[in-house]
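Engineer: Listed below are the residues making up each chain.
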Amino acid sequence: MTYTFDFSFLAEYWPQLLKGLAQTAQLSLLSIIFGFLLGTLLAIGRTAQSKLLRRVCAIYVEAIRNTPLLVQMFMIYFGLASVGFKLSAEFCAVLAIVINVSSYTCEIMRAGIESVRKGQREASDCLGLTWLQSLFLVVLPPATERVYPALVSQFILIMLATSLVSQISAEELTSTAARIDSMTFRSFEIYTVVALIYIGLAFVFRLGFWALSRLVFPRLRRLGTPL
Amino acid sequence: MLTTFQMQALLTAAVWTAGLSLIAFVLGGAVGLLIAVMRVSANRVLRGIAFTYIQIVQGTPLLVMMMLAFFGLSILGFDLAPFTAASFAMVIYSSAYFGEIWRGGILAVPKTQWEAAECLALHPVQRFWLVIIPQGLRISTPPTVGFMVQIVKNTSLASVIGVAELTYTSKLINNSTFQPFIIFSVVAVLYFCMCYPLAWWSRKLEDKLNVAHR
Chain Z
1 MTYTFDFSFL
11 AEYWPQLLKG
21 LAQTAQLSLL
31 SIIFGFLLGT
41 LLAIGRTAQS
51 KLLRRVCAIY
61 VEAIRNTPLL
71 VQMFMIYFGL
81 ASVGFKLSAE
91 FCAVLAIVIN
101 VSSYTCEIMR
111 AGIESVRKGQ
121 REASDCLGLT
131 WLQSLFLVVL
141 PPATERVYPA
151 LVSQFILIML
161 ATSLVSQISA
171 EELTSTAARI
181 DSMTFRSFEI
191 YTVVALIYIG
201 LAFVFRLGFW
211 ALSRLVFPRL
221 RRLGTPL
Chain C
1001 MLTTFQMQAL
1011 LTAAVWTAGL
1021 SLIAFVLGGA
1031 VGLLIAVMRV
1041 SANRVLRGIA
1051 FTYIQIVQGT
1061 PLLVMMMLAF
1071 FGLSILGFDL
1081 APFTAASFAM
1091 VIYSSAYFGE
1101 IWRGGILAVP
1111 KTQWEAAECL
1121 ALHPVQRFWL
1131 VIIPQGLRIS
1141 TPPTVGFMVQ
1151 IVKNTSLASV
1161 IGVAELTYTS
1171 KLINNSTFQP
1181 FIIFSVVAVL
1191 YFCMCYPLAW
1201 WSRKLEDKLN
1211 VAHR
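Top line first, the protein sequences correspond to chains Z and C. Going by my numbering, the first sequence runs without a break in its numbering and finishes at 227. Going by my numbering, the second sequence runs without a break in its numbering and finishes at 1214.
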């Protein structure tokens, strides 16, 4: 092996990498927040009384979960542009990821909602709570708490999947890496650095979600045991 | 609409997608089993190595792994075709996830099975490979099949290093026909046809194994 490693490009390009990191974090957070909201809505639809609504949500989830995110992105970015919607690459990226993550969140949240015992629902009915109140006050909080670990894993995966948006020319960490690569030809070094940054970011995200769980699930904070 | 030639190109590409998935599943499964065994071994060093391996692989995007495999292996002196580099990345990727899935399966085998095997005077190696592993793998069959769906979908990332699989070919065709909706819909349907049976099978297996809790 006659190859000499050369990480000297870092001295010049680290501000760009830092900017890419910030863009990746922002993209991930946006996708996670909107993906969670849409996914929860879908999960409510998936467990609704109406058979039609259940069927529609099921078809959506199956269609999204069985096709690659990359193809979905191409379809949204190139497809929408071809029929006249000129949207920015960043917007299409968030849209594609939100659609993707919502279908996974839907399945996870559905499991959570189904794990809430029927008696709880009946009890809230007896107390005169409206459908919305019983959903938001009685069913969703324990449902979310129970599936929280699965949600976090899914969100970390989505954070990693934001690297795909470099393929539709949106700006983030991986596309920054590709640009630096094309200027310095230090492919292996730059992608090693980027891999390390992603590992660090995944760790930070995990830590952040852990802190969030202590914040939003008071029972967990007080007792320290899972539901 | 698509010409016959384009359709043929897509179907050929689908074969490459399937081939890459198969390699990732078989080789990744073999490495993954090793990782799973290391992960539950009594040796602290082995456990630590497997844990670190899983953390690193699960914390890196597959796209970056593809790049690392493609550029990294070539500077090590191997002159690799993109397909080989993509297979390498896919095997590493799937082995970490299989390792975690199967570790869960192994740990889910009731403790009494370990004790019973010991009472029957089985050697620790026999106990592990004849009693624990078969049951552990059986428990983890549904998530394994479910993860195969992820493998098939993630082979689409091989397109970025120039493997002529389904996504790459569809991009090529789109570049000459400019009908993104049609071409990507066809490709999505092709992926769906490969993934949905697996997803369905996984669900069936889950129902079958869950008899006690129905």
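Some hints here could point you the wrong way.
Said to hold, decoys possible - Cβ-to-Cβ under 7 Å is the rule here; a few derived chain C residues that face chain Z:
#1 1005
#2 1009
#3 1010
#4 1014
#5 1016
#6 1018
#7 1153
#8 1184
#9 1190
Said to hold, decoys possible - Cut-off 30 Å, straight-line C-alpha distance, at most; resulting in silico cross-link-like pairs (DSSO-like, lysine-lysine):
#10 Z:86 x C:1171
#11 Z:19 x Z:118
#12 C:1171 x C:1111
#13 C:1111 x C:1208
#14 C:1208 x Z:51
#15 Z:51 x Z:118
#16 C:1111 x Z:118
#17 Z:51 x C:1171
#18 C:1208 x Z:118
These aren't lab readings, by the way, just hints derived from the structure by calculation. Bear in mind that the values here come from a model prediction, so they are computed numbers and not experimental data. Each residue gets a CB set at the ideal place from its N, CA and C atoms; glycine is no exception.
Engineer: Would the hint linking residue 1111 (chain C) and residue 1208 (chain C) be met if the CA-CA limit is 30 Å?
Structural biologist: Holds, because 23 Å separates the two Cα atoms, which is no more than 30 Å.
Engineer: Would you check the hint for residue 19 (chain Z) and residue 118 (chain Z), treating anything up to 30 Å between C-alpha atoms as holding?
Structural biologist: This hinted pair is violated, its Cα atoms lying about 49 Å apart.
Engineer: Would the hint on residue 1010 (chain C) stand, with a C-beta cut-off of 7 Å toward chain Z?
Structural biologist: Residue 1010 (chain C) check fails; min Cβ-Cβ to chain Z is 12 Å, beyond 7 Å.
Engineer: Is the straight-line distance between the alpha-carbon of residue 1111 (chain C) and that of residue 118 (chain Z) 30 Å or less?
Structural biologist: Violated, because 33 Å separates the two Cα atoms, which is more than 30 Å.
Engineer: Double-check residue 1014 (chain C) for me: the hint is only fine if its C-beta lies closer than 7 Å to a C-beta in chain Z.
Structural biologist: violated, 13 Å
Engineer: Taking the least C-beta to C-beta distance, is residue 1016 (chain C) closer than 7 Å to chain Z?
Structural biologist: violated, 14 Å
Engineer: Let's test the interface hint: is any C-beta of chain Z closer than 7 Å to that of residue 1190 (chain C)?
Structural biologist: Constraint on residue 1190 (chain C) not satisfied, violated at 9 Å.
Engineer: Checking hints one by one. Is residue 1009 (chain C) an interface residue toward chain Z, by the C-beta closer than 7 Å rule?
Structural biologist: violated, 16 Å
Engineer: Identify whether the interface hint at residue 1018 (chain C) stands, where standing means a beta carbon of chain Z within less than 7 Å of its own.
Structural biologist: Not OK, violated: residue 1018 (chain C) not within 7 Å of chain Z, min 14 Å.
Engineer: Next item in the hint list is residue 1153 (chain C). Is there a CB on chain Z closer than 7 Å to its CB?
Structural biologist: holds, 4 Å
Engineer: Under the criterion that the straight-line Cα-Cα distance not exceed 30 Å, is the pair residue 1208 (chain C), residue 118 (chain Z) satisfied?
Structural biologist: holds, 25 Å
Engineer: Please verify whether residue 51 (chain Z) and residue 1171 (chain C) have alpha carbons no more than 30 Å apart.
Structural biologist: Outside the cut-off at roughly 38 Å; violated.
Figure legend: structure checked against the earlier numbered hints; hints not met, in rising order: 1, 2, 3, 4, 5, 6, 9, 11, 12, 16 and 17.
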